[in-house]
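Engineer: Sequence:
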Amino acid sequence: MRIVTLAVLGLLIAAAPAEVPTGRFQEWRSWEKKPLTFTSGGVTVAVTPLPCPAQSRGDDTCSWEHFNNQAEVTVTAPGVVPLTVKTDREGAYARIAVVKLRHDDPRPGVIVESQSGGSSGDLTLQLIVPTPDGYTVATSEAAGIRLQGQIEDGPRDLSGDGKIDLVLQDPAFGTVFGCNACTPRPPLIVTVGAGRLVNESRDPALRPVFLADMARLRPRCFSTDRDRNGACAAYVADAARAGRLTTAWAAMMKHYQRDGRSWEWCDVPVSHWAGRNCPAGRTTRFTTFPDALRAILERGGYLPG
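Numbering (mature numbering (1 follows the signal peptide of the UniProt record, and there is no 0)) for the sequence shown: -18 to -1, 1 to 287.
Because the hints were derived from the structure by calculation, they are not lab data.
Where hints are given, some of them may not hold.
[Said to hold, decoys possible] Within a straight-line C-alpha distance of at most 27 Å, the following computed BS3-like cross-link-like pairs (lysine-lysine) qualify:
id, residue 1, residue 2
1, Lys15, Lys68
2, Lys68, Lys16
3, Lys82, Lys145
4, Lys82, Lys68
5, Lys145, Lys68
[Stated by the list, open to error] Simulated restraints on C-beta separations:
id, residue 1, residue 2, range
6, Gly136, Arg276, 32 to 40 Å
7, Lys68, Gly177, 18 to 26 Å
8, Gly177, Pro201, 50 to 58 Å
9, Arg276, Thr30, 31 to 39 Å
10, Ala(-3), Gly225, 46 to 54 Å
11, Arg138, Thr19, 21 to 29 Å
12, Glu14, Gly61, 26 to 34 Å
13, Val180, Lys68, 21 to 29 Å
14, Arg138, Gly61, 49 to 57 Å
Using N, Cα and C, we set each Cβ at its ideal position, and we do this for glycine too.
Based on the provided sequences and hints, a complete structural model is requested.
Structural biologist: Shown next, in the form of structure tokens:
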């Protein structure tokens, strides 16, 4: 009898979801084709790989690797209605963490980061936000916010307003000023407000984030390395957010790489492209780096209106 009891207890323990500290991201990899379940802060997250549809769209992993790179993420907590979302159809893997999104929330929420991978890969962000009887969802797509990078473990309130601050990267700087992998991106900081994802990078309370990034980028921008203009662009963008634009611009003018090349980008968002190419006639070209940098700062809302 004792042996049977121990065996049953062992099965129950094995079946119980892993307990994970709040704020620690768990990674679900589509190519492993395995479910993932964990509990954190009294909230349980279950990730279930989706089967391939009967008719593939032709541009996903079902077409050429015969597995679906998309999963369902179900969030449950005692006494409330569960909520299920799907990871991004184009994401290769997802990072998921249970966190307190706002200080007055009745329970923790959940961050779902769908990553496409690669140095130029965008991510989509879903925040599963607690309500009194369940959850609602705020997404980067609904807010029209493009994002790159990844959220570090232990995200917290950096501005002191009682809401979590999620530090990611601004993808607008990729490939404009040099090779994609060697072009740093300035931070882009989002939070949840009024049920939506909000870009709060202009908040003066967040200036320390941008000052720290300036310190990281300064040595490279001020060096003699080739392809340093990408670092100079992000350095000046940081300075604009931190209230140091005039000084940083003057320093950049002394150190940027002058090699006669031109800079260009597409004048319409990627969502309006035909395939992977910018529509004909919608490219703007600049002959000097400072002109291109000023234009991208204006376009991205870094400069005063």
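Engineer: What are the numbers of the hints that this structure violates, sorted from low to high?
Structural biologist: 8, 9 and 14
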